[in-house]
Amino acid sequence: MSDRNFFLSPKASKARLREAENARKNRWDIIKSHSHGQVSRRDLIKMGLFTSAGLMLPISGLSPFASSAFADSNIPTGLPPSPLFGVLAFSTPMPRFDVLPRQPVSVLNPVPTAQANTTQQPVDPALGGGTGPIEGRPPGPIWAHQQFTQLPPVIAIQATMEGAKVNNVYNPAVPSLQNSGINPATPIPFRFHPGLPDQNILKDWTYNGTIPPKLMLARYGEPILFRLRNKLPVNQNQNGGFGIHTISTHEHNGHHGAENDGFTGAFFFPNQFYDYHYPIVLAGRNSINTTATDARASGPTDAGGLNKIPGDWHETMSTHWFHDHMFSFTAQNVYKGMAGMFNIYSGLDRGAEDIVDGVNLRLPSGRASVSGKSWGNLDYDVNLMLADKAWDSAGQLAMDIFEFDGFLGDRMTVNLTYKPFMEVERRKYRFRILNGSVSRFFKIALSDGSPMIQIGNDGNLLPNPVVLTKLDEQGIAERYDIVIDFSRYSIGQKVWMVNLAEHQDGRRVSKDLSIAEALSGNSDDPCVGKFLEFRIARNPAQPDISQVPSTLIPNPDLSNIPVARERIFEFNSGANQTTNDPVSSFFGPWGIETDNQGGTLAADFGRISAAPRFGTREVWTLKNGGGGWDHPIHIHFEECQTLARDGSAANVPAWERGRKDVWRLRPGGEVKITLQFRDFGGMFMEHCHNTMHEDNAMLLRWEIDDGGAPFLRPLPTPIPTPQGVNFVAPTDILPTAFD
Amino acid sequence: MNTQVNVKARQRLFSPTFVTLSVAVVVMLALGGPSVQAQTTAAPIVDSSITIATNGTVTDTGTTVNVTGSVTIKCRRVIDTTATTATPLVMLDFDFSQLKGTTGSGKNLRTFVTGDNHATELRPLQASDTIVVTIPYFDSTKDVLSASSFMATANLTFDVSTGKLTNGSLTYGTNVFTSSGVGTFTVN
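Quick note, the sequences are listed as chains A and B, same order.
If you read the first sequence in the numbering used here, its first letter stands for residue 1, the second for the next number, and so on.
If you read the second sequence in the numbering used here, its first letter stands for residue 1, the second for the next number, and so on.
In short, the hints are calculated from the structure, not lab data.
In this text, a Cβ means the ideal position worked out from N, Cα and C, and glycines have one as well.
Warning: the hint list may mix true and false statements.
[What the hints assert, rightly or not] Example chain B residues on the side facing chain A (calculated, C-beta under 7 Å, incomplete):
hint, residue
1, 109
2, 149
3, 181
[Unchecked claim] Some chain B residues well away from chain A (every beta-carbon gap over 12 Å; in silico):
hint, residue
4, 56
5, 62
6, 63
7, 66
8, 70
9, 100
10, 102
11, 111
12, 118
13, 148
14, 159
15, 160
16, 161
17, 184
Here chain B stands alone, though its shape is the one from the complex (with noise of 0.2 Å):
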């Protein structure tokens, strides 16, 4: 089909002349249309999730923490029913809260804690992935606002043709952007 020969008759038609365009679209409302028809039928769901037993260690304010305890990672892949193109995707969902963070032993034993936290993340679904979030944690005796963060490396493995997540590694580190992540400026 030669698009561009369509493409200026319809410039014609949108051109400011208001009884072209009426008398076009008498034209084509006689000749009618196709009616409307549901695009969609009920999107493709696949859950999955795996559980991750995890330690490591970062380092903040010149303090060594050691961070354990298992984060569970669900994941939903979804296809658009709608566009036979598109990629298939997957959401998930990390949780953190059974995280810990310990320093010091006996009395100078400091526990830290991440709240009740989740990191939600929508990516295509590929048959690997790696995902870097931060994770604020704090000092258990005291309030959110003390709060700082750390680094996690998430490298997930997928089954493309289920859309399952099948496996992964967490590892942990010191929050790089704490520095990358700053700029200066002249203060007036």
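Chain A extracted, bound-state conformation (with noise of 0.2 Å):
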């Protein structure tokens, strides 16, 4: 491997983890003050700590890879491992997510309205005093809930988003024989491992402050209102060192009005709650099956039929996660834990397997006959959340914000504990994998070379199942739905899930290595090979009598809907900061550039790169600007089909060819898509979700504005403060946005 790691091996002399250490203590005394806001990084150029493209300067004693005095060459001193405490790896059991409660919404208190509750309470003196408004979403028509009177909220889920804590309410909503042993009812210290320290208070912010992972379930034609309650440190430095008390969650895919997609810009402070309005709507609902006759467009109802509603049944989601979307910081929010996921169950994909009646695709999952519950049974259908973290000498979870290529953990974690394992039974579970990390890519496969069916991609169930024997690398915010069938093993026989992908650097993979290579233990990077242990534990009570049907999803049909218009996104470092917003605006070394003209923009979230047209569909070329990494881009609010890979359709694996919100772009690489904007309006984002290149910043704001009242063409900027959102014109404008 390269002499250029991240990580120094825990092999290396103690003079050089001591070196390590001090480097990462000089970094942690500028990460501390540019988080308190003491210093921006412009400052931090200007003092010569950083490159005019924003990245550390190899000094020895403060960059990682800066030449070390202990080495026997130019090596470079990389970050000292993380700790591990004698804590081995697969010695504690995986928890299954924490799912959140479903209440009627009538629990809520106040009462959800349309447009943001704008009633006045005191600041504290520490956010500038005065009153503001108890809610943070923006005011006014534009940012209400839109077809709030058609699609009122019927559930109502609630969560706040605070420090570690002790979890005293656990609900995984499996039995414990499901969940490797678990009783729920023992409190759940905000550990990594039991075996590791306690996590203080201001080092990890997740929803309700504790872990396991969150879990919102939901189904079509039943709206939520999430209500989440800011009850972060009002104090900006109290952050454990990095992170930011402002917040705004992103449904990641959801088919929602931009008042609900977790805008960047409108975020909200400590105190304030925010009313997000999951409408859990098809697409196409205004234009295609609007009398809501086609029983595959449907959501399960309680008694075990269809509820079906309005849309294209081809649009059907299964697997979304939410996380935060803070303009500049997202990467350590997320990091510090700000990232749950999302299962929506539907008339195919109902969560029941036993329930036969010609439209239910009796995917992996549970029987209703048994739980009693005619949807989301989650016996055999599991949600992970791959992370990778690194702590510091004391145990605390530690980040470096400065590594603008990326940052990697050396710690691998499976719902937020390191390397844990899980029983299972001799019989099939679908797994929702999510990466969940900040910059590192996975490929997974099975440490013996067994097949696996994947049948999803991004949350949207693919045309026709695929089997293979390793995934295809895995982007962050990639969402990978698949089948493994254990019936294969037999008790008391343990196999895992094995990391493949091998990094150097936060930029891209550097290598996919062979099964043998990753097992082999050769690899410097101490997050390839085994991450997840599964131990084949019995048979199941039941048989399995659970399906992957050789035909899941189609796509949908756009052969009669005429291409509006094309554009082309490059995504480059270097870029050009033109606008100067305190608040909307970010410096960074990475931009996009839009249509070929105006260069490599930095973000800002004032101004306005593309436009299109309400109820139109346009194709977008996403290209790699560069050659020395690869980036998943996002495109917010409608998924989108992948036309080409590098100019050719056959260039699209079988397992790209449903639908999609992700593109890993490749090293040199481009990818065609189209994508309609219909059924909602407003400001949605496309970015980089290596969130360490989103934050610096490579993100634009593309907004649906003529979609009639009450929009404006352009859309004000929403500028948050604890005291009300004020709104402010665009502070740019892209020549080819509207035209």
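Take each chain as given, in its own frame, and dock them per the hints.
What follows is the structure in structure tokens.
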């Protein structure tokens, strides 16, 4: 392997480890000063600590990649490994997700309103004092919940954002037997492993302040009101050294109005709440199957039947996630723990494998006849959130926010637990795998090279299942739904999920390893190799009647929908910052060029880069402008179809022939996609989901603003303050945005 | 340049004293800094491909399966234009979709297919590379749930000056991980 590794080997000399720890502490002072708002990155560049591209200069005692006084040659220092405190891999069970309670919307106090609730409350002096609105959503008709009367919320899901604490109300929604023996009544301290230290309340910020990560359950035709209360410290300095207390939650990739999308500039402050209205509708509801006669366009009823809804059943989605999207702080906040998953159930994807009605695909999940739940059975339908983490010598979560190429952790976690095991039965399981990392790509195989069946990509069931012995690289935010059949093993056997993607830095995967290479232990990347152990513990109590049909969900037919126009977005480094709004613009080495004009621009959520017309379809080309990186590019709002890779439809692999919302461009590559703009409007985003790239500053705003009142063309930009949201004119409108 | 001294000087900037830091920032801002310029040029991409006629045998639960068919390997060389020391890389795509397996004859003839199977591999560019992959295959009369896997070892040669894939061979064999990749534990 190369001599430029992100983390030092644990076998490195004590002197080198000490040197690396000192460098980490030196950088920590800078990080703290930056996170406390005392210095900007632009200032650091001018101080000579960073290059003009925003990269840390290789200064010994500061940069992890400066030459070491203790090395035999010109070997970089690297970061010190995260200590394990004697903890062994695969020594603790993997907790299933913690399901957020679903309540009737009538429990909400105050009652949710279409427009933001601007009832005034005192504002803490640390936030400027005076008074401000209790809800942080931008006020007025433009940011009112769209179609709130037609799609009134039925279910309330409430959560807080707060610091690490003990979980006393864990609800995995499965029996202990299906949760590797974990007793949900036992309080769960916030640790990455029972043998690792408790996390400090300022280091980890999660939904409800607890682990395991949270899971929302939704079904088509049942709108949800998600009320998130910000209980983070009012003092910005109380952040454990990184992260910020202003937040905005993106339901990735909900087909909702923009006011519920977690727009990066629609953030809110401590002591405020934000009501997100998730209608849970099928795309095309205003133009396809408008009378709701097609049983395939439906959600499950409690009685085991179908609630038929308008829209295109080909747009049915299954596996989402939700995470913070605070402008220029997404990486830090998500790394601190602001991420959960979101399962959507439908007539097709019921979560009840024993309901036979000609619509239900009967994918592995569990039996309604056993659980009494007609939908959403999780016994054999398992959410996995993969994330690499790092911690300091005290075992506290650590991050280096100045690794603009991308930040890598050196410890693999699954559902925020260090290398756990999971007990399984000899039958089929569905796994909904989320890459919840900051910058790391994964490539997953089973340790014995056995086949896995990929059924979904980015939350969308594929047209047909694809059999693979190793999955494609999985970029940050991508979701792969797979089925593994453990009946091929015997009770008492164990097999592992293995990561084959070796990184040297956060730019991209440096090498895809074979299974033998990954298992050899020779890689210097500590996150290569086994990371999740499956223990085949028993036979299932009932025969496995789940299915993986040869046809899942075919793509929507777009052949009769004209292409209104094409746009080109090129993702590059060396961005220019042409605007300077202190809130909406951000300086960073990364940026996006739109339609081959204006150069590569750093992010400004006040700039409009594209404004597709409501009700149209467009074709977008996403180009990787540089050779040295990969970028997982995410487009908000509606799922897209991939038309070509590197100029040819034949280059689109079978597992990408469904709908998607994140594309790895691959080094030197480009992707052509098509997407529609319908049902809702407002301002949305497109960005790299290597969140270090996104924050620094590879993100742009596009908007649908001609869908009729209350929208304006162009839309005014919200600038939140604790005392209320101000609206300002766009800082910039690119020449091709509206033409 | 004595970087240690410089670091110590800079460390003082980031002491907990906010005033010290702020003053330093003001001074530095007054001194000005370089403007941000584009760092990259278009990536020099080189595409190549080869097609190999292959055959071999694998054993699966006591049955010998004859595997034949052509495999096309596409190669794209990419150079990182922003890091002069970075090793060029190749992205390889193995198209195994044309492989077929057979066993028996006459009424007992069984045919196996691999599905629309590709293996994508990102590797550093070097004169020769050996890549071991596993390939799923299943009885063509059954569904993907019945799939097993076998191994393929690719020996590839590259022209490192042009980045082109110039030659290669593929051999097939039984999946050895089926046993070596599985462990045991004591059931409670």
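Against the structure, the hints come out as follows:
| no. | hint | verdict |
| --- | --- | --- |
| 1 | 109 | 22 Å, violated |
| 2 | 149 | 5 Å, holds |
| 3 | 181 | 3 Å, holds |
| 4 | 56 | 16 Å, holds |
| 5 | 62 | 16 Å, holds |
| 6 | 63 | 16 Å, holds |
| 7 | 66 | 20 Å, holds |
| 8 | 70 | 16 Å, holds |
| 9 | 100 | 15 Å, holds |
| 10 | 102 | 19 Å, holds |
| 11 | 111 | 16 Å, holds |
| 12 | 118 | 5 Å, violated |
| 13 | 148 | 7 Å, violated |
| 14 | 159 | 18 Å, holds |
| 15 | 160 | 16 Å, holds |
| 16 | 161 | 17 Å, holds |
| 17 | 184 | 5 Å, violated |
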